[in-house]
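**Student:** Sequence:
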Amino acid sequence: DLNANIGPKKNESGDVDHGQGDKVELAEQSLLNKLIHRSLVINQNQVEVMQADPSSPLFSVKTFEEL
Numbered sequence: 001d002l003n004a005n006i007g008p009k010k011n012e013s014g015d016v017d018h019g020q021g022d023k024v025e026l027a028e029q030s031l032l033n034k035l036i037h038r039s040l041v042i043n044q045n046q047v048e049v050m051q052a053d054p055s056s057p058l059f060s061v062k063t064f065e066e067l
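Heads up: the sequence shown begins at 1 in the UniProt record's numbering, then just goes up one per residue.
By construction, these hints were calculated from the structure, which means they are not laboratory data.
All residues carry an ideal CB built from backbone N, CA and C; glycine is no exception.
Each hint should be verified, as a subset may be incorrect.
Using C-beta positions, here's what the derived DEER-type ranges look like [claimed, not checked]:
id: 1; residue 1: Ser55; residue 2: Leu26; range: 14 to 22 Å
id: 2; residue 1: Ser39; residue 2: Glu65; range: 21 to 29 Å
id: 3; residue 1: Phe59; residue 2: Leu26; range: 25 to 33 Å
id: 4; residue 1: Ser60; residue 2: Ala27; range: 41 to 49 Å
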């Protein structure tokens, strides 16, 4: 597995161990991931709406470089 050494280390109970005594439960981590994902999706939808509006400066922009 190429990603085996990338993620945070887990202890015996499955909690993420940050090495300083802080533990994050997997359920909490999952909830945080869902919230971050949701905000990214909402932001993407807002950009798409602005690109569809002819009065927006983003209307004709197709790439970041064109900005």
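**Student:** State for each hint whether it applies.
**Tutor:** Consistency of the hints with the structure:
no.	hint	in the structure
1	Ser55 x Leu26: 14 to 22 Å	46 Å, violated
2	Ser39 x Glu65: 21 to 29 Å	25 Å, holds
3	Phe59 x Leu26: 25 to 33 Å	43 Å, violated
4	Ser60 x Ala27: 41 to 49 Å	45 Å, holds
Consistency with the previously given hints fails for numbers 1 and 3, ordered from lowest to highest.
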